[in-house]
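Just need the whole structure built from these sequences, with the hints factored in.
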Amino acid sequence: MKLQQLSLFLENRPGRLEAPLAAIAAEDINILTLSLADTAQFGILRLIVRDWEKAKRILEQDGWVVNVTEVVAVDVLDRPGGLAAALKILEDADLNIEYMYAYSLRRGDKAILIFRFEDPDRAVQVLLDKGLHVVGGEELISSTS
Amino acid sequence: MSLADRQPHSPADSIWNPTAETMPRAELEALQLERLRSLVERVAHVPFHRDHFAHHEIGTHSIRSLADIRRLPFTTKNDMRRHHPLGLLAVPRKDLARIHGSSGTTGKPTFVAYTARDLDIWSELCARFLVAGGLKPEHTVQVAFGYGLFTGGFGLHYGIEKVGAAVIPAAAGNTRRQIEIMRALDPEGLICTPSYALTIADAARDLGIDPRSLPIRLGHFGGEPWSEDMRREIEEELDISAFNNYGLSEIIGPGVSGECSARDGMHIQEDHFLVECLDPETLEPVPEGEPGELVITSLTREAMPMIRYRTRDIARLYREPCSCGRTTMRMSRVTGRTDDMLIIRGVNVFPSQIEEALLRVEGTTPHYLIEVSRPGTLDEVHVKVEIHPEIFSDRMDRMQSLCERISREIHTVAGIRAHVDLVEPRSIERFVGKAKRVLDKRNIQN
Ligand SMILES: [Zn+2]
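Going line by line, the protein sequences match chains B and H.
Residues 0 to 144 (numbering that gives the first Met the number 0) are what the first sequence spells out, left to right.
Residues 0 to 445 (numbering that gives the first Met the number 0) are what the second sequence spells out, left to right.
Because the hints were derived from the structure by calculation, they are not lab data.
It is possible that part of the hints are untrue.
[As the list claims (entries may be wrong)] Pair ranges (Cβ atoms, derived):
1) L20(B) / R429(H): 24 to 30 Å
2) L35(B) / R429(H): 25 to 31 Å
3) A39(B) / I98(H): 49 to 55 Å
[What the hints assert, rightly or not] Facing chain B, according to a computed beta carbon distance under 10 Å, are these residues of chain H, among others:
4) P388
5) M398
6) V422
Note that the Cβ used here is the ideal one computed from N, Cα and C, for glycine as well.
Pasting the structure below:
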């Protein structure tokens, strides 16, 4: 149920984002979603790709520092209060969210959010127990193509 | 390859010249005094020294005890430049056997001349520290120092030969070739700068070779200051024992001092060098064990002896007896240069302090650059640190706290507030020789 997310260290200067993305594209690896967290000085690029092992290999060969973390994709109703309801569940279960971002594609009346939890296994269990839909890798890929 | 070489505290430490290296202190000091007096006599005809001595009313009679060395005037790098190229020569030109030089940072080289006897003593001095650091006659040593005007290559070369070991004069540069030679010839020893040792490890990894699988087990590194943490890193990366040695071309080249198996300071070859440790401002001796500028007198050099040469190197001296049995005074590693000392908002900062701070933070690499600028009226320091898989996290808060931690360590060690800039791997330039650690972008005269 968990997804492997690649994170890359980038210096915050013009054109820096393009190089790793081009390297992945050159190998025909689809990027399902990406998010960038940055400060004035550096950024952390987070990627969910179709073949993360291959993408990691390619990026590392190019000299990038890549780190792999498990994240959880959750379907949330795309209407006011949809996100708040999901967050309430997580809060009640005392689950720590390190960060989150929106998946680029929406499905019907649902939006997919990507969560980085301190404890992803317990988070998946809680979400499933509360009837939320946790989106797996296969499903995410098929919804994109 | 004997495993005994890899025991850094092996008690079976052999001494190349027991007479000289374990001489009782009183005897050693008497020898130094005798040699100092004869030195003053030998240089008395050199115009530079003659004028100096006349000005200070000095003669052999002035030297009654070793402490009287303080009556002698200093010699600086500038004096050498003023007497370019061989104005400080104390023997007839026909007696020279070799001339080396140092590039210096400001243009034309200064030359250093040797008689045949100077060269012989030089090899002897290198042999002493090589043996103190575990070199044995049956070893093979790859010398990845420059061969040329620079004293490192030739000095060590002949020292290794003196010991009876085999030399591979690979010379500096072409790291890939260095690794090929190593893998073909299985040398146990490596001679280069400490930063080049790390460059070799990096290059091996790039070639898909585990640096620890290289045959080298013993490294004698010098030519630039380095820290204890850098030693640990080199030893870990290459699976070797790393030894420090010290010397400078103006005095002789490598061979002024070197570590024994205790690796607690470098034994000074006191029968040939008289070393003082002075406050660079007041030029008074610092209390024993305190850091100060090393001032060296070469007691036995014939061609171009130096009297109280101001090295600009900052180190500490100590006389406690060493477990290895040598009786000579020891010096700490060089912790800075009086001339690369940065003054930042009035605070004296040595690049080595920044390095020490960085190495307190686990996982930061030895690749860093200190950038000093003055955007307005105040100095600003940016320390660029290469990101490394060990310290990279996908969490922004972790990355920010890493920067803060480094900054805090810098403040603790060096007393300045620095901005920490994390940069991409391999983005800081690698150097074959001395690593460039400081980029001072302030435009200040003097
Ligand atoms: Zn010792």
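Can you name, in rising order, the numbers of the hints this structure does not satisfy?
none
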